[in-house]
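Respectively, the protein sequence lines represent chains B and L.
If you read the first sequence in this note's numbering, its first letter stands for residue 400, the second for the next number, and so on.
If you read the second sequence in this note's numbering, its first letter stands for residue 323, the second for the next number, and so on.
Keep in mind that the hints were calculated from the coordinates and are not lab data.
Do not take every clue at face value.
Said to hold, decoys possible - Simulated pairs of lysine-lysine, DSSO-like, Cα-Cα distance not exceeding 27 Å: (1) B:K681 / L:K475; (2) B:K547 / B:K589; (3) B:K688 / L:K556; (4) L:K547 / B:K681; (5) L:K475 / B:K589; (6) L:K556 / B:K715; (7) L:K466 / L:K427; (8) L:K547 / B:K715; (9) L:K536 / L:K372; (10) B:K589 / L:K566; (11) L:K324 / L:K505; (12) L:K566 / L:K547; (13) B:K681 / L:K338; (14) L:K547 / B:K688; (15) B:K592 / L:K466; (16) L:K350 / B:K696; (17) L:K505 / B:K721; (18) B:K490 / L:K536; (19) B:K721 / L:K466; (20) B:K681 / L:K556; (21) L:K505 / L:K338; (22) L:K556 / B:K696; (23) L:K475 / B:K547; (24) B:K586 / L:K324.
Predicted model only: the values in this text are computed from it and were never measured.
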Amino acid sequence: MSVLVFVEIADGEIRGSSLEAVAYGAEVAKIQGTTATAIVLGNEVSADQLAHIGNYGAAKVLNAADARLNHGVIQAYTDVIAQAFAQENSKTLVLAKSSLGDAVAARLAVRLQASLASNITELPQINGAFTVKRGVFTGKAFQTAELKSENKILAIKKGAISASPNDTLASVESFSPSFNEADFAVKITKTDKVTGELLLPEADRVVSGGRGLKGPENWGIILDLAHALTAATGCSKPVSDLDWRPHHEHVGQTGVKVSPTLYIAVGISGAIQHLAGVSSSKCIVVINKDADAPFFKAADYGIVGDAFEILPRLTKAVQNLK
Amino acid sequence: MKILVCITHVPDTTSKIAFTDGDTQLNKAGLQFIIGPYDDYALARAVEIKEQTPETTVTALNVGTAETEQTIRKALAIGADDAIRIDAEPTDAFFVANQIAQIAKAENYDLILMGRESSDYNGGQVHGMVGEMLGIPSLSPVMKLDIEGNVAKLAREIEGGKEYLEATLPLVLGCQEPIAEWKIPNMRGIMSARTKPLKVVQPTDNSVMTTPGKYELPAARSGVKMIAADEAEKLIDLLRNEAKVI
Ligand SMILES: Cc1cc2nc3c(=O)[nH]c(=O)nc-3n(C[C@H](O)[C@H](O)[C@H](O)COP(=O)(O)OP(=O)(O)OC[C@H]3O[C@@H](n4cnc5c(N)ncnc54)[C@H](O)[C@@H]3O)c2cc1C
């Protein structure tokens, strides 16, 4: 009756957000008096990496090591995870919110007749009723919801739990699901992806630039500060609409909703749609030359000044820390 | 080709959100409602496909009470040919998906489009659920869609980039920018929308999988600490020693 956790792989690495999901699943398992099992799809990670998922609380790791699963094929993933759920007699599936996780979770909810909650921000309350707290209205509010079915799927938002690894290793078992033809009906023809960069939704620190930067040729000062802080880079919607930065960096109500410990907004005015995407950041810094920019009202620290003059100085100050 | 576009009726993106009835209901007083921003992209792409492909029909669908009709009329003004309103409060994603799937089973749409998520409950679940209920592929978030015969060529956003895919129709897609540019209805569209058919049907199955409880607003920030521009470096010190985030 273990809690099953779907663990995603990106570029041959276990995703940080999935390790958070493992820690979350292990806590839920503890409340329910059982253990957590992770399911990993594809053959890109070594047995040693798989065993280390145990560091975050999984007692067992199932690996469906089929090369066809090295890409996130939504229907095949649905099929494999449903079979693992049955084999483990699970009642609860935990996964991290992501472009693949969301797509798979919705299909699984129908397949497993499960109650699904996404965007979950903290551990569930289990006392007779099973309730979760989740982000709604694009980050402008939270809602508690009761999950009524016996089977449950919990899609968690970054920061729902603070995961601290120990040195326990998990036992690793291979898992051989059966497939049907429909599983691979959708063909992935090409993947275009930045590599070696921190992913925005998972980053603990984000440096974001807005229209105040005036053009893509000026992004060097953002990248330098981000680099010095080991931060991911983000941007406002007009910046990605203008193609100054790639679309996956767009932060806000209609873009990525981030919850880093540090969010630095440079030359972003602080429109309500942008604020909605950053409201769950722990600490917000705003740098804007207009003292009346609305973003200052939502900030923890602010500097009124010219980004082109201030950012290089901040970068140097960060470098001097080390 | 037959396209179904599912739209939500949600508060305008500039809305300040507040609650009533012991924090169990959205306070709708003073709120403007719009087609969900992501649904609006889906609708715009559907209308473009209709313009390029002869004999294409676009049907807009909403699960909602009578108050959503203005929003549905806007979808008709943007270019949908007809509309269906399933007369029920959209209580949870499973309930909504179930209603859509029931209609879709009878109508055999080639494409079922909607936004990647609604901007009220942000579940991002309905497209996947409909796909599974109908036994056809579902993909989301889709940022590019071209139809060639009965094959869709599309791009899906993934963390840090995109993935290009090919799939045979029928499909269910959760859409986002830049799949199309939002369309603003013109005068002719607004006039013709008044007479386009809007069918109201009753829900077929009332099962839900979740029960909503109380809402709450995020904790307010304690206030901003300003640092003078000529002492900007002090920020880094404060981030390390006061906020302890670096
Ligand atoms: C339906 C809808 C959805 C939307 N969703 C989003 C969303 O998800 N995310 C989002 O970001 N926006 C979204 N928007 C757009 C939003 O309303 C704003 O238009 C946008 O956030 C503004 O971007 P900006 O702050 O970069 O630009 P601007 O508002 O133009 O602000 C630029 C800022 O830079 C400052 N500045 C200029 N020069 C300098 C300098 N040298 N140094 C320092 N500061 C400088 C200016 O004082 C100004 O405050 C949405 C809009 C709509 C209608």
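Hints, one by one, checked against the model:
1. B:K681 / L:K475: Violated, at about 40 Å.
2. B:K547 / B:K589: Cα-Cα ~40 Å, so violated.
3. B:K688 / L:K556: holds (18 Å)
4. L:K547 / B:K681: holds (15 Å)
5. L:K475 / B:K589: holds (11 Å)
6. L:K556 / B:K715: holds (12 Å)
7. L:K466 / L:K427: holds (26 Å)
8. L:K547 / B:K715: holds (22 Å)
9. L:K536 / L:K372: violated (42 Å)
10. B:K589 / L:K566: Outside the cut-off at roughly 42 Å; violated.
11. L:K324 / L:K505: holds (20 Å)
12. L:K566 / L:K547: OK: K566 of chain L and K547 of chain L at ~15 Å, within 27 Å.
13. B:K681 / L:K338: holds (21 Å)
14. L:K547 / B:K688: Distance ~16 Å between K547 of chain L and K688 of chain B Cα, so the pair holds.
15. B:K592 / L:K466: holds (16 Å)
16. L:K350 / B:K696: holds (25 Å)
17. L:K505 / B:K721: violated (51 Å)
18. B:K490 / L:K536: Between K490 of chain B and K536 of chain L the Cα gap is close to 25 Å, so the pair holds against 27 Å.
19. B:K721 / L:K466: violated (44 Å)
20. B:K681 / L:K556: holds (19 Å)
21. L:K505 / L:K338: With Cα atoms ~25 Å apart, K505 of chain L and K338 of chain L stay inside 27 Å; holds.
22. L:K556 / B:K696: holds (20 Å)
23. L:K475 / B:K547: violated (38 Å)
24. B:K586 / L:K324: holds (23 Å)
Checked against the numbered hints given earlier, the structure breaks hints 1, 2, 9, 10, 17, 19 and 23 and satisfies all the rest.
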